[in-house]
Amino acid sequence: FKPIDLGDGHYLKFFYDAQFGYTGRNTGSGDEGEDSTNEFNFRRNRVGFIGTYNEKLSFYVQTEYIEDKNISPLYVDVSDDDDKNFYLLDAQIRYKVNGNLDVVLGKFKHSLTRENLEGCFNPLTLDRSHFVYAPFKTSRDKGIGVRYEVAEGLLQFRGEIQEGRTGDEGNGSPDPGSNLRYTGRVHLSLLDKERGYGYKGTYFGKKKILTVGGSAQYEADAVYGDTVDKTDKKDYVAYSADIFAEYPTDLGTFTASAAYLEIDFDDAYKGANPDSNSYGLNGERKGQYFKAAYMLPQPVGPGLVQIFGRYDNFEFANLNGFYDNEVDFYAGGINYYLNEDKLKITAQYSQVTFEDERGTDTNMQDFSTFELYLQVRF
Amino acid sequence: FKPIDLGDGHYLKFFYDAQFGYTGRNTGSGDEGEDSTNEFNFRRNRVGFIGTYNEKLSFYVQTEYIEDKNISPLYVDVSDDDDKNFYLLDAQIRYKVNGNLDVVLGKFKHSLTRENLEGCFNPLTLDRSHFVYAPFKTSRDKGIGVRYEVAEGLLQFRGEIQEGRTGDEGNGSPDPGSNLRYTGRVHLSLLDKERGYGYKGTYFGKKKILTVGGSAQYEADAVYGDTVDKTDKKDYVAYSADIFAEYPTDLGTFTASAAYLEIDFDDAYKGANPDSNSYGLNGERKGQYFKAAYMLPQPVGPGLVQIFGRYDNFEFANLNGFYDNEVDFYAGGINYYLNEDKLKITAQYSQVTFEDERGTDTNMQDFSTFELYLQVRF
Amino acid sequence: FKPIDLGDGHYLKFFYDAQFGYTGRNTGSGDEGEDSTNEFNFRRNRVGFIGTYNEKLSFYVQTEYIEDKNISPLYVDVSDDDDKNFYLLDAQIRYKVNGNLDVVLGKFKHSLTRENLEGCFNPLTLDRSHFVYAPFKTSRDKGIGVRYEVAEGLLQFRGEIQEGRTGDEGNGSPDPGSNLRYTGRVHLSLLDKERGYGYKGTYFGKKKILTVGGSAQYEADAVYGDTVDKTDKKDYVAYSADIFAEYPTDLGTFTASAAYLEIDFDDAYKGANPDSNSYGLNGERKGQYFKAAYMLPQPVGPGLVQIFGRYDNFEFANLNGFYDNEVDFYAGGINYYLNEDKLKITAQYSQVTFEDERGTDTNMQDFSTFELYLQVRF
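Going down the list, the sequences are from chains F, L and B.
Going letter by letter, the first sequence gives residues 1 to 378 in the working numbering.
Going letter by letter, the second sequence gives residues 1 to 378 in the working numbering.
Going letter by letter, the third sequence gives residues 1 to 378 in the working numbering.
Isolated chain F, as found in the complex:
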């Protein structure tokens, strides 16, 4: 929606963004969890507001509401869930010091990975990698961030100081100290510039992009290697490097991107009683993803067609009870853009394979997933 002009430079913009569709997984249901599972649900379901106080000061708040989700990236949990997960995803107060310098306060995305910063409604494939979420505050966190651009966006520097880990002693996961989390990122954007707070996974053939970036994140004394004796404090450090290229030609638009990510707790998982946050899906790991797409130069019917594929490979310190468990994710699919990201349909078929499959629990075994989603943005 267009902003509503309320005079004196005040604008208020309302939006409703949704991704709704069908997910089918070949496992997870029935007596032994070996039957396939069907789900209709929202991937994202967001009401939000953007308001400007003047040219410099503005806010951005958006809610997320997902209920009773059964099929998650790696697991199926078929249960009636009474939790109503209605929460504020973002609550940002933004101050534009000048054309090159922005400050943000509140709850907002950190800059550890490019994909975390790629808009959820502008991905190239159905969604970002399942394996690039940061520990603790996976995607957003509360704090203060600064973004500075030089040479008209050729270089962008970002830095954030955020809450980070807050611990949970009651769940056997005490926090060694109330330390803040620091994130830094720099990118070099050649050709057309990628500017601002977020990236896109594709520019619909309207821009020529070649951007390379690198990020790091750090929190001192983030976990105990021994949570029982409260000893063996370990720092948290993460690194990421990424490249994104999109090039429109007469034959269509070609897009390719890749990133490497390493999450490190200094081998806390080898400790006597390691903090469960230091390993598992969001814990210590390293890996990379590659994704690529081709968009046909002409519309097919009323919309544009983009064929995509991706491959993720991550090695987990400990996943599903196995040390050094390697996971591969393969996906292929198609985006059908009726009006860019305002109205699109995406179909994706994907497979997840584990180096180490476990016993009879289908949540620890290879599986495949088919997803068909409609995206609308008002």
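Bear in mind the hints are in silico, worked out from the structure with no lab data behind them.
All residues carry an ideal CB built from backbone N, CA and C; glycine is no exception.
Zero decoy hints are in this set.
Covered stretches of chain B (in silico footprint by chain F; criterion: 3 or more residues with CB under 8 Å from a CB of chain F, positions within the stretch not fixed):
1. 11-20
2. 29-37
3. 64-77
In silico DSSO-like links for lysine-lysine, alpha-carbon gap of 30 Å or less:
4. Lys13(F) to Lys2(L)
5. Lys69(F) to Lys69(B)
6. Lys56(F) to Lys13(B)
7. Lys206(B) to Lys56(F)
8. Lys2(F) to Lys13(B)
9. Lys233(F) to Lys69(B)
10. Lys56(L) to Lys200(F)
11. Lys286(B) to Lys200(B)
12. Lys270(L) to Lys230(L)
13. Lys230(B) to Lys270(B)
14. Lys96(B) to Lys206(B)
15. Lys342(L) to Lys2(B)
16. Lys2(B) to Lys13(L)
17. Lys2(F) to Lys342(L)
18. Lys69(F) to Lys230(L)
19. Lys96(L) to Lys69(F)
20. Lys200(L) to Lys286(L)
21. Lys69(B) to Lys230(F)
22. Lys342(F) to Lys96(L)
23. Lys2(B) to Lys13(F)
24. Lys13(L) to Lys13(B)
25. Lys13(B) to Lys142(F)
26. Lys69(L) to Lys233(B)
27. Lys13(F) to Lys342(L)
28. Lys13(B) to Lys342(F)
29. Lys2(B) to Lys142(B)
30. Lys142(L) to Lys342(F)
31. Lys13(F) to Lys342(B)
32. Lys342(B) to Lys2(L)
33. Lys96(L) to Lys2(F)
34. Lys2(L) to Lys142(L)
35. Lys96(L) to Lys142(L)
36. Lys2(L) to Lys56(L)
37. Lys142(L) to Lys230(L)
38. Lys96(F) to Lys69(B)
39. Lys2(F) to Lys56(L)
40. Lys2(B) to Lys342(F)
Got chain F; can you put chains L and B on it based on the hints?
Same frame as chain F, now just chains L and B:
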């Protein structure tokens, strides 16, 4: 509120709808639960948005917020409740293919009963029947629905494919399979037509209505008759038939409606360890309601007066620990419409009687309720 | 934001109000809780709507969203909190009978103390007293309220009938009876009048104010002195008296305010098994606060500077396991108003001292707190 015109065919409409008032029950409090209980609360408290993308595509989202409710239809639970039940009641993406064919995606009402489809802010009596909710997803569910009208609304066909039962093994209620729930409904609307997604409980004497309808709902392998051994799978089937008539005359407006509902789990409640969802208030039962009203032809003071009564009779497979427990509900009251459903006051006195009352627990004994509610719609 | 005019006297106003910043406490973290704790968080984070139906009828709804709060007034709880506290703080239906008489229905603030009625975004010091919250429904409750003003605001009378205590037998805190809570308040406002539903903690030197007020609150049979045997029923009674003065001069604006509060459960805490709500932070106590400020007559840079201090002294029936535990709170700080309450920055340093400190638990020992907050109102 009127929609805000945002140009290019985009409209955004905001609404706030509330029912607030007093409920008094003659039991439920005090040392033995035999003292009367008083409550001020919202029955409904909804903020919502409707937006149009163009003439065909639109959305409808509304939140519901009720906190710390003590008096429910059949039970009193006087306790400080820390749960803040803020959730999205509806989140619909609507696509109007043409004047006769509509498609809806997201979370929306299913079509099992006419009363479930009668707007919560347009009931004839204080509220719909307490006994017509479907098992599992009682009123709304996620999925896809189609509505097709022929002969300018004389006939309306509706069909929905939705999530249905999702199970909860942790609570001793595993789902035999990830099956979807199917609902179908047809109505014949003589005289003035009832068209669109929802019905009303009264048309304030502005329309002559005679509509008869029938519905069915089905989910395969919805429950186990034996949840321990995970055997004795039972299908879920439900049927309903209904009639609604409203006729304005010089002597006033007469309204009458009735419906029959049967919920069937193939006697799962007789199983070795039956799923608790297969019996009780929302489980296996059959019954009917009758309701009628008379609206005076002239205003009394600034508003219109409507006197109403209703009678519900349902036989439950097992309720409060008794097999074949029959419940009667009698209610009478008055609606005072200051501006149709925008501003009205409703008073209702009702009695619930159980065929089988149980011991000293007043939650299993006959009771009466007085309710006085103000309804406002902005 | 200005209201959006929707015709026919209908107006819709949207607002987003936030207080975001840093809180540092000298205790609460580390192995023994003796290290300092750092937190970035929202104090308040509110999206709301105000709508008018006509000149007399309007509504006011606002949500609050705070997540994972670690540092609270008296305690530190460093834990990842999965609760998403998104709820409706206010949901009021307002009816202005005439210029002097207002009625409010729904969920709204009770009138026990002046500071509870001072707008959270118009305090004089960083926030209201930590020690003036009522038992059970601390700040807001559901019910009906009336406000009546005579002699053009010289005298204001307020009365509320609200839900009050609802009990929680499951948590060992049963409610002796479903009684309502009654609140009354009167104030005398000399010089410029303080009118309407809320007070302000400062008027930015724009008004000359001298207001004295008194309040009382009562609920019969609110707690058991013996929750096990369900005997020894005790009433709840509370009294408060307050004064507020603000006087702008050529030398700057001087503000001073004080209040006395007594919360009484008739010594229920001395009972055999007293209800835990009858003592502790929100239970039986008496005390007072004093606060004062001086605002410089001229802006310093782009904003107005106000220096403030406050002192609270409360004697608790039983706090942290000690009977007659006295708590002192000292605070000093500075408000920097860039645009009155629309955009301001507040820094405050405070100390809490307990008459009785307990063992090694730093949550029961003296502490100091530094807070730096930005407030924006859109």
